[in-house]
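**Q** Spelled out, the chains give:
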Amino acid sequence: MKFQVRMPGQSEGRTVVVTAGAPAFEATLENAVLTGDALEVRDGVWSLVGLDGRQIEVSVAFQKDGSVRASAAGALFGFELLDELTARALLTTGGRAAKKVRHLTAAMPGRVLRVLVAAGDRVTQGQPVLVLEAMKMENEVKSPREGVVASVESVAGQAVSQGDVLLRFEAGSE
Amino acid sequence: MKFQVRMPGQSEGRTVVVTAGAPAFEATLENAVLTGDALEVRDGVWSLVGLDGRQIEVSVAFQKDGSVRASAAGALFGFELLDELTARALLTTGGRAAKKVRHLTAAMPGRVLRVLVAAGDRVTQGQPVLVLEAMKMENEVKSPREGVVASVESVAGQAVSQGDVLLRFEAGSE
Amino acid sequence: MNSPRLLIANRGEIAVRIIRACRDLGISPVAVYSEADRGALHVRLSDYAVAIGPPPARESYLVPDRILAAAKSTGATLVHPGFGFLSENADFARKVQEAGLTWVGPAPASIAAMGSKTESRQRMIAAGVPVVPGMTTPAANADEIAAFGRANGFPLLLKAAAGGGGKGMRVVRAESEVAEAFARTRSEAKSYFADDRIYAELLVEGSRHVEVQILGDATGRVIALGERECSLQRRHQKVLEECPSAAVSPELRAKMEEVAVAAGKAVNYVSAGTVEFLLAKDGRFFFLEMNTRIQVEHPVTEMVYGVDLVVEMIRIARGEPMSLKEKPAPRGHAIQCRIYAEDPAHGFAPSPGRIRRLRRPQGPGIRVDSGVEDGDVVPLDYDPMVAKFIVWGQDRAEALRRMRRVLSEARVEGIETSIPFFLSLLEDPDVVANRVSTQFLDDWKYEPKRPPEDVVAASVIAAALGSMEGAKKRRPGAARTGGEAGLSAWRNARMSFGVRE
Amino acid sequence: MNSPRLLIANRGEIAVRIIRACRDLGISPVAVYSEADRGALHVRLSDYAVAIGPPPARESYLVPDRILAAAKSTGATLVHPGFGFLSENADFARKVQEAGLTWVGPAPASIAAMGSKTESRQRMIAAGVPVVPGMTTPAANADEIAAFGRANGFPLLLKAAAGGGGKGMRVVRAESEVAEAFARTRSEAKSYFADDRIYAELLVEGSRHVEVQILGDATGRVIALGERECSLQRRHQKVLEECPSAAVSPELRAKMEEVAVAAGKAVNYVSAGTVEFLLAKDGRFFFLEMNTRIQVEHPVTEMVYGVDLVVEMIRIARGEPMSLKEKPAPRGHAIQCRIYAEDPAHGFAPSPGRIRRLRRPQGPGIRVDSGVEDGDVVPLDYDPMVAKFIVWGQDRAEALRRMRRVLSEARVEGIETSIPFFLSLLEDPDVVANRVSTQFLDDWKYEPKRPPEDVVAASVIAAALGSMEGAKKRRPGAARTGGEAGLSAWRNARMSFGVRE
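Protein chains in written order, with the numbering used here: chain A, 1 to 174; chain B, 1001 to 1174; chain C, 2001 to 2501; chain D, 3001 to 3501.
Don't read these hints as lab results, they were simulated from the structure. Misleading hints may appear alongside valid ones.
Within a straight-line C-alpha distance of at most 25 Å, the following computed DSS-like cross-link-like pairs (lysine-lysine) qualify [to be verified]:
#: 1; chain 1: D; residue 1: Lys-3327; chain 2: D; residue 2: Lys-3255
#: 2; chain 1: B; residue 1: Lys-1136; chain 2: D; residue 2: Lys-3167
#: 3; chain 1: A; residue 1: Lys-142; chain 2: C; residue 2: Lys-2190
#: 4; chain 1: A; residue 1: Lys-136; chain 2: C; residue 2: Lys-2445
#: 5; chain 1: C; residue 1: Lys-2255; chain 2: C; residue 2: Lys-2325
#: 6; chain 1: C; residue 1: Lys-2265; chain 2: C; residue 2: Lys-2325
#: 7; chain 1: D; residue 1: Lys-3255; chain 2: D; residue 2: Lys-3281
#: 8; chain 1: D; residue 1: Lys-3327; chain 2: D; residue 2: Lys-3265
#: 9; chain 1: D; residue 1: Lys-3327; chain 2: C; residue 2: Lys-2327
#: 10; chain 1: C; residue 1: Lys-2072; chain 2: C; residue 2: Lys-2095
#: 11; chain 1: D; residue 1: Lys-3445; chain 2: D; residue 2: Lys-3167
#: 12; chain 1: D; residue 1: Lys-3190; chain 2: D; residue 2: Lys-3095
#: 13; chain 1: B; residue 1: Lys-1136; chain 2: D; residue 2: Lys-3190
#: 14; chain 1: D; residue 1: Lys-3445; chain 2: B; residue 2: Lys-1136
#: 15; chain 1: D; residue 1: Lys-3325; chain 2: D; residue 2: Lys-3255
#: 16; chain 1: A; residue 1: Lys-142; chain 2: C; residue 2: Lys-2167
#: 17; chain 1: C; residue 1: Lys-2445; chain 2: A; residue 2: Lys-142
#: 18; chain 1: B; residue 1: Lys-1142; chain 2: D; residue 2: Lys-3445
#: 19; chain 1: C; residue 1: Lys-2265; chain 2: C; residue 2: Lys-2255
#: 20; chain 1: C; residue 1: Lys-2167; chain 2: A; residue 2: Lys-136
#: 21; chain 1: D; residue 1: Lys-3167; chain 2: B; residue 2: Lys-1142
#: 22; chain 1: C; residue 1: Lys-2190; chain 2: A; residue 2: Lys-136
Some chain D residues well away from chain C (every beta-carbon gap over 12 Å; in silico) [to be verified]:
#: 23; residue: Glu-3098
#: 24; residue: Ala-3127
#: 25; residue: Val-3129
#: 26; residue: Arg-3150
#: 27; residue: Ser-3176
#: 28; residue: Leu-3203
#: 29; residue: Glu-3205
#: 30; residue: Arg-3221
#: 31; residue: Pro-3250
#: 32; residue: Arg-3284
#: 33; residue: Val-3431
#: 34; residue: Gln-3439
#: 35; residue: Asp-3442
Glycine included, every Cβ here is placed at the ideal spot set by N, Cα and C.
Make the full structure from the sequences, and use the hints.
**A** And the structure:
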């Protein structure tokens, strides 16, 4: 099976071809053929022993956004893994083109402590627009762009989850 | 919902009627009505808080044989819990009548080290018939009854699981 | 269940810590919990548990009457406040005593004397203890702070009068920042301590935070149990503590202990307490404040001095003398890292949620105090500390090596934690050499470490294998936009990870 | 990965313990594993791992050539044998050295001298150390043992000449039992130590097992680190150990330490080792044997003396002097319980299998060394020890209280363990008062404790609620046959568990 893998901060993916699955795996990463013994100890936790005896225990968790979070001794990192069909489909539809920011979402779960702007206000990039409280810290939420606030989607006291829309910008207002 | 519960070493079960489920449970145990707050923290692990504030964390695991294994602070015990239909069915078919022992099963997993009897041998109750090795200890397996060995179902060196038949007795040989 | 019952007016790690002290003493622990904590470990380990309100602390853990009602309904006769919340609230302590219960802490009068930073400063000045220049009464408005700054110079440090634990402190570098900082600090003080009084003091830059543990009992005896080095702070919150401080000589230790005992005696101190000092570069030290409660970093003292401070507090509260016949001698060196549910790679953003997998480090010289276990939820309503990793070594070097091992051995999945931050921090030569001050982390930038190439290769293979096996439920989904550089990380994989070509 | 590599010729808890020592020293650990251990924790925590054969130890962990090949293929330069398996095999130690590797243990000649119980007895007799009457050469047949018994009286103790750790020992109370005991003991000796030589000695009943930890380095220095009380044994297997022994006075300790150091020096001992004594009721003590390796119960010494014995062994093997400039002073009291995968309610039958849930105790003064974590499998092929619970207290009473707490806090589900056995054992007044001997547990009968009535009520309700919620996958199945008495356990439930009528 063929995959595309991309590390954060790298634009081009590399091809991974798995020619034999667990336990006696064989995979090609670019020019190198990696082989060894793989065991899924429990859900998502793998022990891999390479031909040279190198043992690595790694836990891989597939995230909601399709990325993979890997956790090994003293290392914690993310990457994207796509099977080839998905990767090609994305390339064709131009799924990677940057979009204009139409709304501001919560980067973390928390409680809205104060809303500092109202619909119709013009804001500059970096201007504080809300104060979010989480785990006893007040965190200023700053506007990601210049523009006019179309609507405020949160009120003081409200609990928000990560990714919730906090406010929207008017189209073309930057 | 109505259940029959029986503790080990007790012949008669008692009736448990659950009139309200989690979280605000209400259950009748004989004459007593127990109420409180129940939360399944994770699979099989419950925290119960009674009306008087008594908190008990207990883990209940349903075993293959239908019994329940309960584990709480400093307490580890088993009991049987049957819904009423099953309990009645058992009563009708006489499912509880003691059967004659027709074979000897392994009480624990292990490796057969030595077989001390052969088919046709007459054995007495308590006579060692096999030596089973598990976790580096030799364990003598004794005959549960007097009788004639019909067949030996295990050989030296063989790994056995708990419940595996080790040897059979001739019918009516006691 | 005829043993005495002790109500713990707290949650999380310190509640679990107090439960263990109760068990060691044959006392039956009683938990209180907000709606967010119904399934929390401190509830599950207790013999009794009482719901005390909605998630926000000001509607649950900070409501004295609910705590007292919980004690009454469960027949608890002792109340331990832990740290934070109501632990330094003299009114609450008084109410507990008036309800006929035993308060596990110092007398309300001692709390009141030390609890107000301004009053405690006045007391210490009267007792001849050196203090940092600061306001002697809370600031009524921003102008008073500005005036103090003009008179004493900037930078200033704004603090909650009822505060502690580094919560709600703010640096003000110029007069122009005063107005906003005043409003913000006051708001946080109110929300965390239910008391919005704040004051300012001069910030002595380049100094260390060194504190002395004291213990007093009803016989009037007060002893000091050495010092703790707590200079590594982020946003005025201690993150790593040591016992002893490598910056304190035996002579300096004796002087600091003497002053700390004098400070305790000045307020008739009975229980465990901490006298905090600012240690200047020139070796002078100033009284900062006294915390009239158990401290987050108490385990490092426990490991070095071989004493259980929470057990001692309970004994002393019941009128017994402390169990230490003579002042114990220190042995070795201990270090604590506070593990927070936060994402160091993204500005230390809070990271509450369910812990999917937790591997706690184990082995010789290791202690882990935590309020969560595998599968538990870290709520967003409270302090983000989920665990404390504490190590002991024959000397500081061994303790540092062990802490690195412990941080590498641990696994926390499902939430982000400060573990990667500590792994980087403990590689810093200044940290290793103890060349630090309370400002050290202000200038220190966390850079996520690049994972070793063979670990990356193993992870990609594991993910690919996992994706093949559980194609339906775990197949990777859509892509996000990428960056610029190539995947050079793969290049050397062939050398280190069993490769055929 | 340019740090030196140390191969651990062992598995389970001690392999994990050695991995931690390696990490603390910056050494890269190399694991070996049988087919039964591919997914074991000691493999997953290592940097390298090599398969060495099928599950039976004699085809994997006991095959010197496979271990040596694993060291060669991974570039390991040090070999630590742990305990059991090849740890006291002088030939193996010699082969390791001949392969140019560093053996983390005493010189092969020291192992050989002490490894044969008969030769070590001869050496000790020559050195003037008192020994228990026993055979000075292995028994060629059962008749020799019978003859020794006729000459010295019964009961006798049959032991493997190459043995240790209580494995393969058997009491013979009369001449009629000799033949069967000889065959059985020889068979076990062969299967566990790959050496079927056995011998007999007189069994001094009512005595204690007290042992002294020694540590020697290449400079010729040998020190003693106090004693351990190991009298609580089941089937000649230690189950609970303490440091210090409450039966040993400071004067006796000094004498035993002196003899232990002399014993070590007599064989030029370099590394950690243990001199075992039989302590008679009248205070006389006899040399039993010397174990030329790290011992299962070493953590109690580590906690009381503040030393890492495994780290010291590795340092010393590399030619460094021990890190202890002076002999450390003891502090407090430590107790260890060995947690076995066995079912105390059913004659301590082995209970291998998958651990469904594991709650490890935590907190002050607690150390847990284990070779498994949540979800791991305990294979049936090896020693059933899955964990060691070790506690420290200011005194023995505090340590006992903590151990009770630790045993109550722990949860192990999926397999049975000896935890309930220890909870009962620690309530025995003779155990609490330390009125024990090595025969104590022979006469002691474990009775499963009746669970408290409110816990029973809570469990039944939880099971009923669980069965209702997950009716399909977890509905209770068919019944088994029952017993006689009524459900009186319910009667008082109304008093203790929030009841309305």
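**Q** None of the hints should be skipped; say for each whether it holds.
**A** Going through the hints against the structure:
1. D:Lys-3327 - D:Lys-3255: holds, 16 Å
2. B:Lys-1136 - D:Lys-3167: Answer holds: B:Lys-1136 to D:Lys-3167 is near 9 Å, not above 25 Å.
3. A:Lys-142 - C:Lys-2190: holds, 24 Å
4. A:Lys-136 - C:Lys-2445: This hinted pair holds, its Cα atoms lying about 23 Å apart.
5. C:Lys-2255 - C:Lys-2325: holds, 22 Å
6. C:Lys-2265 - C:Lys-2325: Distance ~19 Å between C:Lys-2265 and C:Lys-2325 Cα, so the pair holds.
7. D:Lys-3255 - D:Lys-3281: With a Cα-Cα distance of about 16 Å, the restraint between D:Lys-3255 and D:Lys-3281 holds, given a limit of 25 Å.
8. D:Lys-3327 - D:Lys-3265: Given that 25 Å is the threshold and the Cα spacing comes to 17 Å, the pair holds.
9. D:Lys-3327 - C:Lys-2327: holds, 22 Å
10. C:Lys-2072 - C:Lys-2095: Holds: C:Lys-2072 and C:Lys-2095 sit about 13 Å apart, inside 25 Å.
11. D:Lys-3445 - D:Lys-3167: This hinted pair holds, its Cα atoms lying about 22 Å apart.
12. D:Lys-3190 - D:Lys-3095: Within the cut-off at roughly 21 Å; holds.
13. B:Lys-1136 - D:Lys-3190: holds, 12 Å
14. D:Lys-3445 - B:Lys-1136: Judged against 25 Å, a Cα distance of about 23 Å means the pair holds.
15. D:Lys-3325 - D:Lys-3255: holds, 22 Å
16. A:Lys-142 - C:Lys-2167: Distance of about 23 Å is within 25 Å: holds.
17. C:Lys-2445 - A:Lys-142: Holds - the C-alpha atoms of A:Lys-142 and C:Lys-2445 are around 21 Å apart, at most 25 Å.
18. B:Lys-1142 - D:Lys-3445: With a Cα-Cα distance of about 21 Å, the restraint between B:Lys-1142 and D:Lys-3445 holds, given a limit of 25 Å.
19. C:Lys-2265 - C:Lys-2255: Since the Cα atoms of C:Lys-2265 and C:Lys-2255 sit roughly 15 Å apart, the hinted pair holds (cutoff 25 Å).
20. C:Lys-2167 - A:Lys-136: Roughly 9 Å between the alpha carbons, so the hint for C:Lys-2167 and A:Lys-136 holds.
21. D:Lys-3167 - B:Lys-1142: This hinted pair holds, its Cα atoms lying about 23 Å apart.
22. C:Lys-2190 - A:Lys-136: Given that 25 Å is the threshold and the Cα spacing comes to 12 Å, the pair holds.
23. Glu-3098: For D:Glu-3098, whose nearest Cβ neighbour in chain C is about 28 Å away, the distance exceeds 12 Å, so it holds.
24. Ala-3127: holds, 33 Å
25. Val-3129: holds, 31 Å
26. Arg-3150: The claim stands: D:Arg-3150 keeps its Cβ more than 12 Å from every Cβ of chain C (closest is about 49 Å).
27. Ser-3176: It holds; D:Ser-3176 is separated from chain C by about 48 Å at its closest Cβ, greater than 12 Å.
28. Leu-3203: Fine: 35 Å to the nearest Cβ keeps D:Leu-3203 off the interface.
29. Glu-3205: holds, 36 Å
30. Arg-3221: Holds: least Cβ distance 17 Å, greater than 12 Å.
31. Pro-3250: holds, 18 Å
32. Arg-3284: holds, 34 Å
33. Val-3431: holds, 17 Å
34. Gln-3439: Since the minimum Cβ distance to chain C is about 31 Å, D:Gln-3439 lies beyond 12 Å and the statement holds.
35. Asp-3442: Its Cβ never comes within 12 Å of chain C, the nearest being 31 Å, so this holds.
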